[in-house]
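Asks: My request is simple: use the sequences and hints to build the entire structure.
Chains as they are written, first to last, in our numbering: chain A, 8 to 344; chain B, 96 to 389; chain C, 2 to 175; chain D, 111 to 775.
Careful: at least some of the hints might be erroneous.
So, partial list: chain D residues that the calculated Cβ filter (under 8 Å) puts toward chain A [to be verified]:
| # | residue |
| --- | --- |
| 1 | Glu233 |
| 2 | Arg564 |
| 3 | Ala773 |
With a cut-off of at most 20 Å between alpha-carbon atoms, the simulated EDC-like pairs for lysine to aspartate or glutamate come out as follows [stated by the list, open to error]:
| # | chain 1 | residue 1 | chain 2 | residue 2 |
| --- | --- | --- | --- | --- |
| 4 | C | Lys108 | B | Glu111 |
| 5 | D | Lys162 | D | Glu138 |
| 6 | C | Lys108 | B | Asp385 |
| 7 | B | Lys267 | C | Asp80 |
| 8 | B | Lys382 | C | Asp80 |
| 9 | D | Lys712 | B | Asp383 |
| 10 | B | Lys160 | D | Asp702 |
| 11 | C | Lys108 | B | Glu261 |
| 12 | C | Lys39 | D | Glu226 |
| 13 | C | Lys130 | C | Glu107 |
| 14 | C | Lys16 | D | Glu215 |
| 15 | D | Lys712 | B | Glu365 |
| 16 | B | Lys171 | D | Asp726 |
| 17 | C | Lys142 | B | Asp277 |
| 18 | A | Lys140 | A | Asp218 |
| 19 | B | Lys160 | D | Glu734 |
| 20 | C | Lys39 | D | Asp216 |
| 21 | A | Lys12 | A | Glu180 |
| 22 | A | Lys81 | D | Glu226 |
| 23 | D | Lys634 | C | Asp80 |
| 24 | B | Lys382 | D | Asp633 |
| 25 | D | Lys444 | D | Asp513 |
| 26 | C | Lys16 | D | Asp216 |
| 27 | A | Lys209 | A | Glu55 |
| 28 | B | Lys238 | C | Glu146 |
| 29 | C | Lys108 | B | Glu386 |
| 30 | D | Lys712 | D | Glu215 |
| 31 | C | Lys39 | D | Asp129 |
| 32 | B | Lys238 | B | Glu365 |
Residues from chain C shown here face chain D by an in silico Cβ test under 10 Å; the list is partial [unchecked claim]:
| # | residue |
| --- | --- |
| 33 | Ser36 |
| 34 | Glu65 |
| 35 | Lys142 |
Bear in mind the hints are in silico, worked out from the structure with no lab data behind them. Where a beta carbon is used, it is the ideal one built from N, C-alpha and C, also for glycine.
The residues making up each chain are set out below.
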Amino acid sequence: MTEEKLILKEDLLRICDDVIKKGDTLLAPGKSEYVIVKDVSEIKLDPEALPTKISFKSYVFPKSEPVLYYKRSKNDVTLIDADVNGRKIVVLGAKPCDTGSIDIMKDLFNWDYRDEFFNLRAKHFIMIGMMCKTHDEYCFCTSVGCSPVSENGSDLFLIPLSDKEFALRIVTEKGREFIEPYFRFLCDADTKRTEEVLSAAKNPETAFDPDEVHEWLGRNFESPKWDGIGEVCLSCAQCAFACPVCHCFDIVDEDYSYSEGRRMKNWDGCQFGHFTLHASGHNPRDIQSKRYRQRINHKFRYYVDKFGKILCTGCGRCSRGCPVSIDIKEIVSNCKD
Amino acid sequence: MDELRRFARELLLKKEVAAVIGYEQVGEARTRPVVITDPDECRRLVLNEYCLNNLVVYLNRARIKALARSKEGIRKLAVVAKPCDIRSIVALIQENQIRRENLMILSMNCHGVVRDFGCEFNGDNLAAKCISCNTQSSTYADKSFGEVREIPKFTGKLEYDLSEIEQLPPSKRMEFFREQFDKCIKCYACRAVCPLCYCQRCITDKTIPRWIESSSHSRGNFAWNIVRALHLSGRCTGCGECERACPMDIPLSLLNRKMAMKSKELFGYESGKSTDNPTLVGSYDQKDSDELFM
Amino acid sequence: MDNKEKHIENGWEPKIVAFVCNWCTYAGADLAGTSRLKYPANMKIIRVMCSGAVDPVFILKAFERGADGVLVSGCHPNDCHYNAGNFHARRRWDLFHALLDFAGIEKERLQFSWISASEGKKFADVVTKITNDIKMIGPFKGYQEMNRQFTTEFPEQEKEKLVQQCTEAEAVNG
Amino acid sequence: MKIGVFICHCGENISRTVDCPRVAETCEKIPGVEFSIDYKYMCSDPGQKLIKDAVEIHKLDAIVVGSCSPNMHERTFRSAAVAAGINPFLVEIANLREHCSWVHEDVESATQKAIELVRMAVEKVKRDKPLSKIKVPVTKRVLVIGGGIAGIQAALDVANAGYDVVLVEKEPSIGGHMSQLSETFPTLDCSQCILTPRMVEVNQHPRIKLLTYSEVEKIEGFIGNFKATIRKKARHINEDICSGCGQCVSKCPIKKKAFSSFEEGLAYRPAVYIPFPQAVPNIPVIDESVCTYYRNGKCGMCVKACDRQAIDFDQKDTMMVADVGAVIVATGYKLYSIGKQPLGSKYKGYGEYGYGKYKDVIDGLQFERIASASGPTSGEIKRPSDGKEPKKIVFIQCVGSRDPAKGISYCSKICCMYTAKQAMLFRHKVHDGEAYVFYMDIRAGGKMYEEFVRRAIEEDHVNYIRGRVSRIYEENGKYIVKGEDTIAGVPVNIDADMVVLASAMIPHDNAPGLAQKVGIPYDKYGFYNESHPKLKPVESTTAGVFLAGACNAPRDIPESVAMASAAASKAIILFSSDSLEREPVVARVNEDLCAGCFYCRKVCPFGAVEVRDIKDMNGVVYKEVAYINQGVCQGCGTCTATCLSKSIELAGFNNEEIFAEIAAL
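Replies: Here it is in structure tokens:
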């Protein structure tokens with residue numbers, strides 16, 4: 008259904024301005040995270056920028072959100088559901104390695120219990136992806152089935168033709184609905200130029216074959232390779248929290264007075280020592296190597312087995328931000344005999 | 096660098112140490128901590144401006160401590176440490192976490208490090224802690240490597256100026272910190288990289304009672320960041336790893352630096368100076384200021 | 002109209018918590034009572050054994066629970082029932098106070114005193130002073146804004162009120 | 111958990127400003143509260159019965175009483191709870207009287223506050239854990255520090271009750287200041303005549319181990335189980351051999367190098383000396399600082415003189431450890447006798463009185479020696495400067511005492527009496543002598559004390575002048591005392607032959623040092639604090655450490671003796687059972703989570719934190735953790751607040767309970 012148009016940057020910004028004026032949330036990559044744009048002058052739309060330090064995950068799966076509220080009375084507890092903020096969120100200029108993240112997570116949030124919070128937010132997302140024109144030593148989107156020009160997950164997709172013009176591809180019906188009111192800004196596409204630009208994309212070299220990794224992981228649950236990583240990793244959750252598709256969470260009850268409180272859903276990280284700590288005191292993943300093994304297995308084996316998708320977009324955020332420079336690409340590449 | 100590799104290799108060959116904790120190069124402008132037990136692997140060791148990590152944090156890790164433990168007792172661990180990192184060693188010794196006799200400190204004569212990986216080493220990109228550094232080499236170490244060279248003059252600009260923030264009215268300061276802390280996602284990278292955050296279970300992970308709300312809402316974030324700074328008051332040695340590790344770019348060292356200044360101003364105490372000093376918290380002077388008290 | 006009047010006009014009464022040691026200040030507060038001294042009813046006391054046992058996180062918790070001000074009070078230096086608990090406490094508070102001050106929490110929000118068992122008058126004076134201080138600077142907005150994030154009103158409370166009104170009405174109407 | 115709430119009206123004391131029925135009614139709605147009631151007098155028998163009945167009928171697990179301060183009736187209600195079958199630590203008191211009804215006037219706000227106080231108590235009691243008392247064994251031996259009259263009395267009382275005593279005295283002989291006194295007020299009986307038999311009794315008592323010339327180095331442990339380390343200083347005389355014949359003393363060639371401290375500097379003593387003839391033990395000491403042997407390795411006259419070869423120049427200080435169950439501190443006092451303010455002293459001197467400058471301006475203790483039959487003048491009143499008999503003596507009271515400007519605000523209590531005594535003695539010995547006393551007030555409260563002072567004035571014609579002396583200076587061999595008679599309102603000039611200063615009693619210089627070793631608090635002067643000024647006058651705040659005599663405050667002899675006997679009886683009470691019961695409010699470490707930083711150990715005022723090794727399978731230590739000795743811990747909780755990982759909890763005040771209270775605000 009893809010239809011291609013041409014749009015000038017200034018017109019694109021006009022559309023953005025309108026989005027803001029309408030009171031919808033406009034997200035764009037900022038210095039270290041996706042930020043809510045208050046004024047279009049803040050928008051950079053730089054295809055050569057590296058991925059932000061963390062993805063826009065928190066707008067669809069917040070770092071902390073109330074699930075319900077409770078109030079204790081003498082012989083009873085009253086519950087109130089938390090209402091989900093289903094406001095429209097427009098993400099402008101998302102990297103191809105980010106755009107698909109919601110689709111990947113969607114399976115997890117819907118396979119058994121349908122997470123209304125996630126679904127409602129995801130439904131209101133308008134994803135405007137943009138072709139990526141750079142990569143560094145940590146990027147490996149091509150190894151996990153993604154690419155700098157992938158439209159996967161985007162409702163609209165931008166291809167920068169010059170500083171001033173973009174090719175705009177309408178990828179989904181949702182994208183079309185969004186852009187229809189602004190059709191007056193769109194011109195006819197110069198598909199040849201677009202193709203040229205796309206073919207000049209700098210693909211990161213393929214580092215590994217996910218199928219081989221999958222197969223190797225199945226055979227090497229116990230492998231001395233995990234030990235070395237266990238010694239260096241310091242067990243923080245930077246990797247998990249920066250990751251566009253890591254989705255583990257913790258449920259805690261939080262009193263805010265002696266009788267009232269709320270049940271919160273908070274991000275959790277599998278590298279934390281107490282992530283799997285049982286109430287009995289037993290911890291099945293008591294040492295760091297087991298925890299890192301879990302991380303890799305979850306991403307490249309378990310998730311694939313369960314949902315047929317790799318739980319990784321190859322954005323390289325976890326490696327770039329790792330305080331001790333652990334490189335997931337390097338580790339996964341080494342997952343072979 | 097070669098000297099370090101040779102020396103470390105010898106240590107392992109002679110079984111004087113159980114392991115060497117050092118840096119290896121990964122990429123052009125980045126190093127990674129490495130734990131070496133095989134003498135031949137010592138060729139991976141490097142010493143340069145990209146040796147950012149404070150490796151002292153590893154000395155107190157259960158996994159690393161286990162390496163040093165054998166049936167015969169406890170063997171030494173060798174650690175590569177910048178002179179500023181050695182202050183963390185001193186602090187850990189003061190707090191009974193490690194023993195000097197179980198350590199082989201391999202120090203580097205340091206001429207400054209970059210503020211973050213991937214930067215070119217020059218005056219613009221000098222790490223904040225190196226700007227006014229006056230300990231380029233250490234006498235506490237067992238051996239020092241490399242030559243002493245001058246630290247480049249800082250020509251960059253710090254994002255946040257402590258004295259400017261101090262001068263803001265209280266409500267503005269609270270606003271500033273709340274805004275900064277609101278960014279926090281509670282990944283606890285700051286805690287993980289801190290050599291002095293060695294608790295078996297951090298106060299923030301305690302659930303009965305819940306000391307610090309684990310949620311990353313404003314209140315939970317404020318409490319966590321304040322308590323983190325409080326627990327490091329008079330202990331933090333200013334290695335700045337927390338701030339570097341923070342994926343959300345929260346200026347954590349502002350608080351640490353402020354508390355270090357206060358410790359000095361109120362009690363004349365500087366952390367990590369000498370193992371003979373009593374710790375700031377845990378000791379008292381009858382003459383401590385009574386100004387706060389009605 | 003000064004701040005204090007403004008805040009009082011809104012019908013606002015500050016909520017103040019005191020963490021006091023069992024031996025000196027708690028007994029001092031008892032003495033204020035036996036001496037029938039009068040002070041504002043805004044402060045509630047939480048008794049601990051020694052001022053050295055008050056964790057700074059207690060104070061953050063108190064703010065989280067809506068306290069507008071906190072007092073920590075113990076024995077005078079050298080009078081500590083446990084010899085040195087208050088000396089350790091003093092150092093801790095010096096640091097903590099500096100930290101909160103830097104983080105932008107007004108100095109009046111967290112106050113400290115030494116009140117002995119014989120200083121009932123001082124206790125009453127201190128409570129009066131801190132209550133006035135807090136009335137002056139008003140509700141602790143900084144923390145209360147944080148508290149309000151993700152909170153919800155329970156309609157049930159409204160229901161209760163309604164029920165009460167109805168029963169009252171019935172009573173009036175016979 | 112089912113909680114009962116009991117709101118007391120305290121007659122009208124609470125109900126006058128707190129609407130008690132409303133409090134009880136409102137609190138009934140708190141989740142967990144099964145039963146709630148108000149009553150006129152909860153502490154009365156019917157009130158307690160009400161509690162017991164409610165527990166039975168409503169099957170309550172814990173109770174909250176809204177009443178007076180826990181300091182008043184916590185015990186009462188805990189006993190009532192025990193009688194009803196509830197653990198006493200599942201009782202919480204909401205202080206509705208002292209902290210609420212008595213201090214507030216507005217019924218509405220006081221009632222609201224009362225509800226909140228009860229709510230806090232309810233939330234705390236929900237989290238309270240049942241606790242039981244801790245039993246600690248007792249070592250039935252007492253350490254007495256100080257061998258003055260108080261220490262002697264305490265030692266004898268304890269020993270006579272059948273328990274062992276270790277008596278430590280820092281001087282070569284016991285006896286203290288009392289052995290220096292001439293006669294004692296108000297009976298004028300000879301001090302040594304009444305003291306010496308007791309000193310001998312101490313020395314011969316089979317249950318008393320006497321350690322003179324010894325000092326306490328440190329005391330560890332806790333009530334019932336102290337471990338005292340004592341330094342026995344080298345006398346350089348083998349005590350086991352020495353017969354006390356005194357040959358060495360008389361042969362010592364050093365005659366005029368060292369002043370006798372027993373004689374208060376009014377006489378010399380040799381390098382090897384017995385402080386005074388009645389000394390116990392009667393064994394000399396060699397003063398290394400003046401002995402020729404220690405100065406140049408020669409001499410040895412004493413060695414030759416001693417036919418039992420008891421001289422041992424190589425003797426070293428020795429350390430010994432005594433296990434004791436109780437400590438009685440009876441370290442006494444010294445006199446404030448500062449002419450000028452010495453460096454580092456907190457007291458300003460009395461330079462204007464010429465003490466230290468004029469030889470005939472002396473202090474009270476020096477006069478005692480001059481008046482003593484065994485003193486340097488054999489009891490004849492003579493001036494230290496020229497040995498002449500003084501005809502006119504001015505006694506000045508309150509030198510130092512009651513003078514905040516000089517650093518001492520308190521009254522030294524004994525000076526009025528001893529000045530009267532000294533003036534009287536002077537008049538008895540020098541019949542044509544004139545005695546003048548400058549006083550501020552005469553404080554003669556005590557049996558026969560006032561009569562005694564009146565006797566000095568009326569029978570012995572001592573001239574009492576109410577007023578202060580401004581200055582003393584020497585003129586033509588006389589000391590001109592310039593003062594004021596504030597009753598007559600005229601200046602007074604007296605040309606005295608001698609001046610006696612009744613200087614203040616102050617603690618020994620090292621009193622704070624010893625207090626820190628023993629672990630007891632002291633006041634700003636250095637006097638040791640009693641646990642309660644009225645009800646626990648001989649207990650220190652450290653359990654098992656008792657106080658006797660002037661180390662606590664200025665005391666005269668009968669008071670010191672009474673206090674000593676009281677302290678002894680406290681120790682004996684302690685020994686009356688084989689183990690002690692302690693309140694279970696103690697701290698406990700979670701060893702799994704302890705990171706072994708030992709900040710708790712650094713802050714513990716009682717040394718209760720020990721190091722415990724956690725070993726791996728091979729027996730190699732992989733972790734050191736803190737362990738709190740339940741017997742030593744006094745339950746202050748300072749460690750709990752210091753612990754960074756919150757791995758310590760104080761029973762009865764644990765963090766969860768306090769958090770619950772905060773939440774209930």
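Asks: Output the numbers, in ascending order, of every earlier hint that fails for this structure.
Replies: Of the numbered hints, 2, 4, 7, 18, 28, 30, 32 and 35 do not hold.
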